[in-house]
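The listed protein sequences correspond, in order, to chains G and C.
Every position in the first sequence, counted from 1, becomes a number in the numbering used here once 4 is added.
Every position in the second sequence, counted from 1, becomes a number in the numbering used here once 20 is added.
Possibly wrong hints are sitting among the right ones.
[To be verified] With beta-carbon atoms standing in for the labels, derived distance ranges:
| hint | chain 1 | residue 1 | chain 2 | residue 2 | range |
| --- | --- | --- | --- | --- | --- |
| 1 | C | Asp483 | G | Gln333 | 55 to 61 Å |
| 2 | G | Val220 | C | Ile563 | 58 to 64 Å |
| 3 | C | Ala511 | G | Ala227 | 53 to 59 Å |
| 4 | C | Asp343 | G | Gln184 | 49 to 55 Å |
| 5 | C | Arg273 | G | Val220 | 53 to 59 Å |
| 6 | C | Ser169 | G | Gln184 | 23 to 29 Å |
| 7 | G | Ala177 | C | Gly447 | 41 to 47 Å |
| 8 | C | Pro35 | G | Ala227 | 43 to 49 Å |
| 9 | G | Arg261 | C | Pro121 | 45 to 51 Å |
| 10 | G | Pro235 | C | Arg128 | 46 to 52 Å |
| 11 | G | Gly210 | C | Ser169 | 38 to 44 Å |
| 12 | C | Arg128 | G | Val220 | 51 to 57 Å |
| 13 | C | Asp277 | G | Arg261 | 44 to 50 Å |
Calculated from the structure, these hints are not laboratory results.
By construction, the Cβ of each residue, glycine as well, lies at the ideal position given by its N, Cα and C atoms.
Each chain is listed here by its residues.
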Amino acid sequence: MMRPATTKPTPTVTTGGDILTLTPAGLYCPRGDFHVDPVRPVARALITHGHADHARAGHGAVLASRQTLDIMAIRYGEDFAGSTQVALPGERIRLGEVTVSFHPAGHVLGSMQVLIEAGGRRIAISGDYKRQADPTCAPFELIECDVFITEATFGLPVFRHPPVAGEIDKLLASHRLFDQRTHLVGAYSLGKAQRLIAELRARGYGRMIYLHGALVRLCAYYAEQGVGLGPLEPVGERARDLAGEIVLCPPGQLADRWARRFGDPVTAVASGWVRVRARARQRGAELPLVISDHADWDDLRKTIVETGAREIWVTHGAEEALVHWCGSQGLDARPLNLIGYGDEGDTTDAVEREAGTLAEIRADATAGTGSAT
Amino acid sequence: MHRFATLLDRLSFEPRRSAKLALLGDYFSRESDPARGYALAALTGNLRFRNAKPATLRALAAERVDAHLFALSYDFVGDLSETIALIWPHSEAAGSGRSPPLGEVVERLERAGRGEVPGLIAAWLDTLDETGRWALLKLVTGGLRVGASARLAKTAVANLGPLSPDDVEEVWHGLAPPYEALFAWATGKGERPETDDPVPFRPAMLAHPLEVRETGTLDAGDFAAEWKWDGIRVQAAAGRDRTGALRRRLYTRTGEDISAAFPDLVETLTFEAAIDGELLVVIDGLAQSFNTLQQRLNRKTVTAKMMRDHPATIRAYDLLALDGEDLRQRPFRERRRMLERFLVALDHPRIDLSPLVAADGWEALGKARSDPSAFHAGGDAAAIEGLMLKRWEAPYLPGRPKGQWFKWKRNPFRVDAVLMYAQRGHGKRSSYYSDYTFGVWRPREDGGEELVPVGKAYFGFTDEELLEIDRFVRNNTVNRFGPVREVRHEAQAGLVLEVAFEGLNRSGRHKSGLAMRFPRISRLRWDKPPVEADRIDTLLALIMDGATDGA
Ligand SMILES: [Zn+2]
Ligand SMILES: [Zn+2]
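With the rest of the complex left out, here is chain G (with noise of 0.2 Å):
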């Protein structure tokens, strides 16, 4: 039929191809001798933003923006690369043979795409990107390009996500109805916790909203960079005393034990998968808010378009219906199936919990598997 094919592609066959080329560790340039987002340490690495399966500790020398070099440090020390420089948004920087520049993508606070500029040609990556109104982030920036290498996470025509708004009606009407419940929400640490936080605030909700401990630290950066979130506190010791409030947790965090402390508490995921019921039973979901950080169907299409790319690459998540769709509308398209990515994906909550709870795993693998073999 009109499958495309899925095997990795060959670098030099495409024209984009001598400027970024795909190995092992992730997209590479050899004429300017970088990676960008690589998924092992590398010598020179350009980053995206600062989500665990995008940023990795290890790199030798690490550009990126001011934030995601500040979100890196709070998640791995200080001492996370050997080196790092600051890019600011716009600014046009030579490595090797080839020009770079980061432009805002709308995903988190200080989530970039990448231009790469050589011999006249224009190449893009997007990193993970959102079009919809963001009060925590610099919006997306489009970027007029050659070659456009596009996130594709939700890259099924199922997924449309809804205005915010109305998923945080959804919210507050059970937090009304059920007055006397925690209302315990999973959201990933970086980004969807402080989105959630501030389009609360944007519907008027004033009150305290309480959080895990995983969620503290990037809140309180968040807070520093002038994003207003409100009266927050974390849990801490308390439990039932929290009946009727709103508390955030990573969604890793809801099936926990930690989670039993409220009693019986209505359980929310926000995330762009629960549009998909099944996929929100699944993640223990019984009030879904679909609010994603990621592009959706529409918005992929709209921005492949308008970035004027003649030629698309289509890294982690759906491949193979943007890919299709792609081709259905003359532009030459291929998969790179990156392995080690998925942004809001099934691995990410194994990853983001690396990054986020460290501690917690390492004090529930003492307490709690003393005696297993």
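Starting from the known structure of chain G, arrange chain C with the ligands on it as the hints suggest.
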């Protein structure tokens, strides 16, 4: 439609009964007539219109969506209606506030001809958002399946005011959608609806399980003893309406009208009365096990062959109304006498009397319970699951009144099994490992022994025991498969569970070839090493002894 869609969406994710009631109550009190009445009709399965077939919906989607993209999406989502609801292209009208009211959807579907249905659905899909489209497709394909029973919906209506669910049941079958009079009554804005239904459902009286220690405080002489039949509880009612026509209905104990499934029984209701009894399949004068009855219940349509091979009978044990008189306030002693006389006069082979068990005193009753054959149950023992004890002086009260009726089941079977896998529960229990798969030993080819799973149980333990098992599971996990943990189960290391169950069947679906009926954890045997748990031979012997369903 929007509010109804939101309600269905919330109900479908909500595991708690009390929260479902709150959601329903919130909806019924905010929504106006007739929408809330149609919602009630949808939830109770009382909407009658031409349903859309999956093929119709598929065709609608195919006109609008690339086939390959649809296939990839369907593959990911796994549910046809949901895929269509999500993938349906946005139109200008969506979210414009022009989404159709529920009342309009229902009324137009009721009037629509076959050819009109697809066009109507497509036009509505264009105006709704994702949740709205999902709810619409659930509605038009029939069967909401959002985990809210008819009884729960009626309870939510009753809770709008001072009514009880049984108050609603009593008038229910005389009412029709959109139930304006019912809502008016429930909210204190109207009188109890007058119905001229000659055969209303009369809410059933239910029994408590008898605890052995209660036999010390109760006087056996105060109770009539009957067999507890392993069929389905029914209420058979017939009466004349204002035109003099005979109306007949067969209800389940929850008030569901199942007349259509048993035309052979309904035609025998040639009286004006309401009988409470058990529906059984009786072949050659012998009551059959529930298994046999199930073969008939599982069929969607009733064929002549099915009625001939599995003839349904009512074994009557109470008389609730006779010739227009409500008998429920009379003591059981009187009702029983009237029932006996009524059945003699009726003289129909398909409606017979559930006999009293001639056993005096607790000791004799205990013997009758465990060995019905010794107390003249004869060949009917296959359909007996214990005793019913009914207070001679008790009126017929709806619900489960204290101290009036008791069920005393035959001793359940027990086996010591070893915990093998545990899975997290749902709702309140979602952070606990509360669903357990257990196994017994069987010989291995090399002469050793291995555990083979024989069943699953998720109740029977106390809250404290749940905590203990949960801790054990977390501390002894050897493998994880998604939400399931495999726990240590070796000869000298593991947890032995005493499992009680009601019967045993051979089953091709289980690795052990056995399926337990109604298994539950009755005790934690921390004192026993797994090697001392039962062997599969013990279970196989039970099958030989007739521990099969209902026997
Ligand atoms: Zn990301
Ligand atoms: Zn990502």
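A quick look at each hint next to the structure:
The hint said 55 to 61 Å for the Cβ distance between C/Asp483 and G/Gln333, and at roughly 59 Å that hint holds. Restraint check, G/Val220 to C/Ile563: a C-beta distance of roughly 59 Å satisfies the suggested window 58 to 64 Å. Range check, C/Ala511 to G/Ala227: about 58 Å between beta-carbon atoms, so the 53 to 59 Å window is met. The supplied range of 49 to 55 Å is met by C/Asp343 and G/Gln184, whose beta-carbon atoms lie about 51 Å from each other.
For the pair C/Arg273 and G/Val220, the beta carbons lie near 54 Å from each other, so the given range of 53 to 59 Å is met. Between C/Ser169 and G/Gln184, the C-beta spacing of about 25 Å keeps the proposed range 23 to 29 Å intact. Taking the beta carbon of each, G/Ala177 and C/Gly447 are about 20 Å apart, not inside 41 to 47 Å as hinted. Take C/Pro35 and G/Ala227: their Cβ atoms lie about 36 Å apart, and the range 43 to 49 Å is violated.
Here the CB-CB span from G/Arg261 to C/Pro121 is close to 46 Å, well matched to the stated 45 to 51 Å. For G/Pro235 paired with C/Arg128, a C-beta distance near 50 Å keeps the hint of 46 to 52 Å intact. Hint check: G/Gly210 to C/Ser169, Cβ distance near 39 Å, so the stated range 38 to 44 Å holds. At about 54 Å, the beta-carbon gap between C/Arg128 and G/Val220 stays in the expected band of 51 to 57 Å.
Against the hinted window of 44 to 50 Å, the Cβ-Cβ separation of C/Asp277 and G/Arg261 comes to about 47 Å, which satisfies the hint.
Of the numbered hints stated above, those contradicted by the structure are hints 7 and 8, listed in ascending order.
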